[in-house]
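Undergrad: If you're matching them up, the sequences are chains A and B in order. Those letters in the first sequence? Residues 19 to 350, by my numbering. Those letters in the second sequence? Residues 21 to 358, by my numbering.
Hint data in this document are derived by calculation from the structure and do not stem from the laboratory. For every residue, glycine included, the Cβ atom is placed at its ideal position computed from N, Cα and C. It is possible that some hints are incorrect.
Output of the computed footprint for chain B on chain A, the stretches with three or more beta carbons under 8 Å from beta carbons of chain B [to be verified]:
1) 153 to 160
2) 273 to 286
3) 292 to 305
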Amino acid sequence: MATKSNNPIIRFLNINTSGEAGGRDLPLWRQLLLQLLTLFIAAEVMFPIMYIITLSFSSKSTRPSSLELFPKEFSLVAYQQVLDRPTANPVTFLELLRNSFLLSFGVGALALLVAVTAAYAFSRFKFKMRQVLMILVFVPLLMPAVGLSTPLYLLLNSFRVADCGGGVIAISPFMSCAQGLGRVYFNLRDSLWGVGIAMIAGALPFAVWNLKGYLDTIPKELEEAAMIDGADANQIFWRIVMPLAVPQLAVTFFLGFIGHWQEFVMPWLFLSQPKDYTLAMTLYNMTGQYANAIPWNRFAAMAIIVAAPVAVIYIALQKQIISGLTSGGVKG
Amino acid sequence: MAVKTRVASLHKANLKRAALPYYYLLPAFLVMGVITFYPLIYQVIISFTDFQTKDLFKQLASPELKFIGFQNYADIVTGGLPVQNFEFFRVLTYNIWWAVTNVMVHVPAGVLIAVLLNTQGLWMKRIYRAIYVLPVVVPPIVVGTVWKNIFDEQYGAMNQFLTIISGWLGAVDPVHIRWLNEYTPPIPWLLPNGPLTLAYYAMMIANFWLGWPFMTMVATGALQSIPKDLYEAASIDGASGSQQFWNVTVPLIRPAMIPAAIYGFTLSFNLFNFVYFMTAGGPARSTEILVTFAYDLVRNLRLYGVAAAFSVIIFFVALIVFLITNRITRATESYAEA
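Throw the hints in and build the complete structure from the sequences for me.
TA: Written out as structure tokens, the structure reads:
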């Protein structure tokens with residue numbers, strides 16, 4: 019009976035999502051017991067979040083000597099320092115941000131562009147070798163990203179431009195200097211281009227899989243009607259299928275984006291110059307053996323900066339992401 | 021239906037259409053041919069060689085490169101690698117154990133919390149839902165680094181928290197548990213095949229934080245699709261709360277939870293970022309999983325031939341895992357329909 023109170027605060031707190039009228043009421047003692055439990059769980063969830071937020075708003079550059087879960091001060095010093103000079107390396111925050119963004123955006127967009135026609139072909143056409151080709155595309159999905167890193171490292175490493183001295187320039191693997199390696203101008207492996215290429219290898223099969231699953235759900239009748247009206251296959255694809263697929267294209271892109279935003283395997287393996295570093299690599303540099311020089315308030319600020327875009331995208335697309343993952347799982 | 025047959029005849033009449041799907045597939049296969057299939061083949065070739073840093077420039081044309089047959093594979097399995105603290109079957113067992121124990125904890129916790137949140141008339145439901153979803157939206161690399169600092173021996177929040185608790189119990193000394201560095205396993209018999217160090221438990225705690233909210237999300241969706249009449253009918257028949265849970269809730273959310281559990285299993289099995297950022301496989305490779313070790317082989321040890329062989333092994337392990345989980349999904353699907 020307690021929940022049917024006239025007290026407006028209690029009515030406000032009792033937000034009933036099921037909208038049932040006159041359902042079973044919770045006895046007060048049970049309500050309180052359950053509230054205790056749910057509050058405990060909420061505390062468990064909030065513990066690291068509050069810890070890191072508190073640290074990030076602290077102006078103290080010493081390490082925390084006792085547990086603080088609520089900010090005593092709202093100092094933005096740590097954020098400011100991270101934005102000014104994120105690491106000991108001569109690289110600015112904007113460069114890190116640009117590298118992360120270029121990789122996430124470029125890989126996501128390119129993978130989508132290449133994947134969408136393949137997904138359409140698999141979803142709509144019956145042709146010879148369809149099964150075999152589909153298995154070929156989806157088999158790499160089984161391989162964790164690390165599994166392809168060795169050959170990609172070796173292959174990309176063989177593309178380089180070197181100055182052999184005496185005005186001779188050699189472009190490997192087609193030419194090489196007569197003696198030694200020469201002075202290497204450009205190594206595809208040690209560049210954002212190389213990392214991007216390597217990341218597309220992992221992103222492409224996922225994009226095809228994710229788009230095909232969605233295209234399968236678009237009713238064929240629309241396309242058949244268009245065909246009867248005399249539209250050819252390309253017109254059907256561009257005028258009918260693509261506009262209908264826009265929401266899923268966006269979801270696939272953003273799913274890719276948040277994945278690539280945290281990509282660490284390939285950049286950390288490939289890149290050696292601080293100017294190419296990404297935010298994820300910088301965050302890693304702030305822990306472990308390199309971290310002794312970095313105050314924890316700056317580390318906390320960096321963690322929040324790296325997490326922010328992912329969190330925002332995830333919260334905005336929560337429903338689509340969950341339904342996509344679960345329905346995909348059921349279909350196999 | 022008449023429309024369908026007419027469309028079918030149009031299909032046949034249009035000979036140009038026969039080639040069309042291949043045009044649509046062309047871009048993807050061109051790209052994958054160069055950056056996926058060719059590297060995969062290259063990987064298999066390299067795995068039969070003693071490829072090392074000295075061969076980086078000339079690669080397969082390198083005069084020093086030797087083809088050594090299945091030596092790399094044999095070395096990996098029998099422990100013949102020049103790498104300390106690595107035994108293949110221990111790491112494989114640990115990897116499976118790590119994934120299984122995670123799922124075994126995440127799924128029941130996720131379901132119970134979803135049921136708790138689904139209680140009719142519970143206050144502040146929406147607020148709790150919004151809070152409980154937060155771990156899902158934090159990137160695992162951030163979760164790994166933050167929890168690594170939380171488990172720091174001297175400055176970490178966990179030891180500080182335990183110090184407060186032990187202070188209430190009358191202890192004076194601050195707690196100094198070496199979460200991520202202590203090698204002696206606290207429960208030696210738990211996994212006879214290898215040490216389950218404190219770092220494993222620390223990672224279980226951190227990954228629990230990360231893992232259960234996703235299961236709660238899936239379970240909540242499944243719970244909300246269960247008709248309320250079923251519970252009313254059950255309670256009229258005199259079923260108690262726990263009977264209703266086991267006989268109505270569990271069978272009806274099973275079709276949603278099994279794919280989620282399998283997804284969680286494969287995710288944990290290859291949880292590279294989290295593991296690498298939190299412990300990097302340490303201490304003494306006791307929390308190493310297959311993917312982190314493969315990475316160590318390329319990035320730090322630079323044994324490219326061995327790394328290629330190891331990746332081929334990982335592929336077959338992943339294939340076996342996929343075939344098994346696929347079979348489980350199929351089996352449960354027909355169970356759900358029956």
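Undergrad: Each hint: holds or not?
TA: Status of each hint after checking the structure:
no.	hint	in the structure
1	153 to 160	holds (count 4)
2	273 to 286	holds (count 6)
3	292 to 305	holds (count 5)
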